[in-house]
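*Asks:* Residue numbers (my numbering), protein chains in the order written: chain A, 1 to 346; chain B, 347 to 729.
Among these hints, one or two may not hold up.
Unchecked claim - Here are some, though not all, of the chain A residues that point toward chain B, as calculated from beta-carbon distances under 8 Å:
#1 L79
#2 T97
#3 D118
#4 G122
#5 F125
#6 N141
#7 I144
#8 D188
#9 I339
#10 Y341
As the list claims (entries may be wrong) - Covered by chain A, per the in silico footprint, the following chain B stretches (three or more residues, Cβ under 8 Å):
#11 394–405
#12 426–436
#13 551–564
For the record, the hints were derived by calculation from the structure and aren't laboratory data. All C-beta atoms in this analysis are idealised placements derived from N, C-alpha and C, irrespective of residue type, glycine included.
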Amino acid sequence: MLKIVRNFVLFFSAVVLLAACQQGGGSGKKSKTLDNTKKAGFVKCGVSQGLPGFSNADASGNWTGIDVDVCRAVAAAVLGDSEKVKYFPLSAKERFTALTSGEIDVLSRNTTWTLSRDADIGLTFVGVNFYDGQGFMVRKNSGIKSTRDFRSGISACTNIGTTTELNMRDFFNSKGIKYEPVAFEKADEVVAAYDAGRCDTYTTDKSGLAAQRTKLSAPNDHIVLPETISKEPLGPVVRQGDSVWEDIVRWSLNTMIEAEEYGVNSSNADSMKTSENPAIKRLVGAEGELGAAFGLDNEWSLRIIKQVGNYGESYKKHIADTGILPKRGPNELWTKGGILYVPPAR
Amino acid sequence: MDNKIKKILPQILTLLFIVLIFGFFTINAQLNMSNRGIDFGYGFLSQESSFDVQFSLIDYDGSHSYARAYLVGLLNTILVSVLGIIFCTIIGVIMGIARLSPNYLIRNSALWYVEFFRNVPLLLQIFFWYYAALRALPLPENTEPFLGATYLTIKGYYIPGLLWNNLNIFLYSILAAIILIVLIRTYAKKLQEEKGKQLPVFIISLSLLIVFPSLTLITGLSQAEVELPVLKQLSKTSFIYEGGISLPPELLALVLALSLYTSTFVAECVRAGIQGISKGQKEAAASVGLTPNQILKLVIMPQALRIIIPPTTNQYLNLTKNSSLAAAIAYPDLVLVFAGTALMQTGRAIEIVSITMLTYLTLSLSISLLMNWYNKKIAIKEK
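Turn these sequences into a full structure, and let the hints guide you.
*Replies:* Structural data, given as structure tokens:
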């Protein structure tokens with residue numbers, strides 16, 4: 001009898017120890033996430049359930065958008081092929097759990113970088129690929145021209161589990177306006193409810209409003225108000241604790257922005273190898289050993305630029321040419337009056 | 347001795363196995379959480395929630411704590427469950443009896459009702475009531491009054507509210523009436539047992555319940571003022587009603603869908619219960635001179651209830667758990683407010699999901715206990 005119990009305890013401790021050992025790796029230059037990704041042969045990327053311009057699937061299941069391009073860049077750098085990505089459409093509510101539990105390795109889903117998300121729940125934000133801000137959409141015929149026209153009793157549709165819910169409260173409270181928040185789980189449900197007249201206004205990030213407006217039954221009957229009530233820096237997120245993987249994702253994004261700064265794009269990348277400028281030569285892998293710093297070959301950045309393109313190309317293709325936000329605004333390079341500014345790759 | 351061990355050993359092993367499984371999952375979760383830099387704790391419950399909720403039975407806004415937000419969600423879940431249980435019982439009993447009606451039309455209408463609502467998935471029904479039926483309602487400015495001074499609009503159902511003066515005196519009068527009714531009932535029972543005389547207890551009770559509270563209103567001890575909903579313009583084309591009570595369309599759609607769906611199962615329980623009583627009981631009761639009403643009340647129902655209650659309890663439990671589908675149409679129940687918004691804002695998945703699971707467990711067990719108590723009370727006591 002006692003023996004059985006002892007054997008059970010021994011077996012149990014062994015199992016626990018084994019589990020502990022498996023988790024113990026991931027220090028130094030080794031990256032468990034990188035190893036697993038190479039072994040699996042694809043990057044596990046969390047995206048939205050459909051936000052035109054950012055991450056949206058077409059009828060045949062191909063994902064496009066600037067958030068999707070971040071994952072494609074990581075795949076090009078790590079696996080050599082930007083198509084080797086497996087996409088996981090996630091709701092706002094599911095996204096962080098999917099990342100911390102290891103279901104995905106990169107979350108690139110128009111996610112706002114905030115202190116509590118970065119510090120509190122086991123996540124690390126690696127950068128910003130879109131500077132956004134929360135706004136309001138209303139019906140044109142309501143005569144509302146700005147948020148100053150809002151009156152107490154207004155009902156506002158939005159998504160649950162987003163910073164939007166918090167900003168909305170701060171905004172209406174500071175103006176002393178009583179409001180009715182109607183929060184849905186899916187973006188499509190919010191659009192349907194607002195479209196039917198359940199709410200007087202629809203509030204979310206302005207880029208999101210512009211994108212969702214295209215899904216309304218009569219897009220031209222609605223306008224986005226000029227005010228921006230919050231800062232929403234959107235960017236890719238990784239799990240905390242794997243600094244090599246974190247660096248790979250961060251510099252994949254930075255490479256796209258830096259390439260635009262130096263005028264390197266998908267069509268001229270190869271010819272830039274013979275450039276006079278050492279910064280450009282480093283960018284296309286003709287000089288230096290930058291890839292070795294995170295266990296990649298030297299052409300990782302060249303592949304990103306060739307297969308995915310630079311940030312400007314990505315923005316033009318997905319956001320500007322689709323009519324979502326033709327003007328780049330803050331998402332212009334710092335050299336052209338925007339705030340896109342990344343540390344040098346050297 | 348040997349026999350004893352043989353008996354106990356499997357039980358000890360089972361217990362050990364369960365403890366080890368739970369232990370393994372707990373330790374595994376702890377290890378992985380500490381590896382990923384996630385700490386565990388319930389301290390967040392006292393933090394400021396900083397999000398608002400559309401509809402709340404208690405005073406709440408974002409400056410209250412997460413614990414308060416939990417309470418808001420819980421009360422909304424209980425509200426929708428209680429309303430659903432009341433309506434599904436009423437509709438279910440009517441439909442169940444109608445299924446046995448001698449009238450062909452009534453019998454078959456009830457059959458079609460049951461078959462239709464029972465065989466369409468509940469989530470679809472919720473979507474139907476919310477997106478199709480309620481969405482077809484007019485905007486507030488185009489609404490004609492419905493049932494007097496109430497307005498059924500796409501933004502909600504607005505009904506007149508009552509502004510009370512000395513509400514407590516009014517409530518005391520109801521309490522006094524109830525106490526008196528209990529006394530009269532006891533007396534009536536005694537009277538019947540001793541002298542065989544019957545008092546019209548139902549009529550006396552009803553009139554007491556009406557007379558006592560109205561007396562307080564007539565004498566002016568307590569006063570109620572009716573507050574009518576008034577149309578208010580928010581902008582050129584947007585209107586709402588203010589004043590009175592507003593019931594959000596999400597609540598209406600959810601209660602409608604839950605009670606219609608569950609009532610079909612209750613109807614089947616009621617039908618089965620009544621059919622389970624043998625014909626001889628009815629005939630015997632008639633032969634001793636009971637009226638049809640008395641037969642149903644004194645002979646058939648007490649026996650049928652014993653068959654009806656246990657499966658109906660299951661349906662009440664199902665309804666309560668199904669109310670968590672509320673999240674699909676933005677009704678702020680426990681799942682949407684606490685396991686939705688609060689979970690996302692704090693990121694504390696394990697803590698919040700564990701609290702939510704325990705809450706549903708407690709709710710279900712409470713309903714079970716209550717129904718079991720009632721079932722025991724009406725069971726035949728063999729002497």
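*Asks:* Hints first: check each against the structure and report whether it holds.
*Replies:* These are the hints, each one checked on the structure:
Interface hint at A:L79: violated, since its Cβ lies 24 Å from the closest Cβ of chain B, which is beyond the 8 Å cut-off. For A:T97, the interface hint holds, the least distance from its beta-carbon to any beta-carbon of chain B being 5 Å, beneath 8 Å. About 11 Å separates the beta-carbon of A:D118 from the nearest beta-carbon of chain B, more than 8 Å, and the hint is not met. Interface restraint check: A:G122 against chain B, minimum CB-CB distance 4 Å, threshold 8 Å, status holds.
The closest approach between the C-beta of A:F125 and any C-beta of chain B is roughly 14 Å, which is over the 8 Å cut-off, so the hint fails. With its C-beta approaching chain B no nearer than about 5 Å, A:N141 sits inside the 8 Å limit, and its interface hint holds. At its closest, the beta carbon of A:I144 sits 5 Å from a beta carbon of chain B; the interface hint therefore holds under the 8 Å criterion. Restraint check, A:D188 versus chain B: the minimum CB separation of about 11 Å is more than 8 Å; hint violated.
Because the smallest distance between the Cβ of A:I339 and any Cβ of chain B comes to about 27 Å, over 8 Å, the interface hint for this residue is violated. Residue-level restraint check for A:Y341 is violated (minimum Cβ-Cβ distance to chain B is 28 Å; threshold 8 Å). For the stretch 394–405 of chain B, the assignment as covered by chain A holds, since 5 residues bring a beta-carbon within under 8 Å of that chain's beta-carbons and 3 suffice. A count of 0 residues in the stretch 426–436 of chain B with a Cβ less than 8 Å from any Cβ of chain A is obtained; the coverage claim is therefore unmet, three being the minimum.
Judged by the Cβ-Cβ criterion of 8 Å, the stretch 551–564 of chain B is not covered by chain A as claimed, because only 0 of its residues qualify and three are needed.
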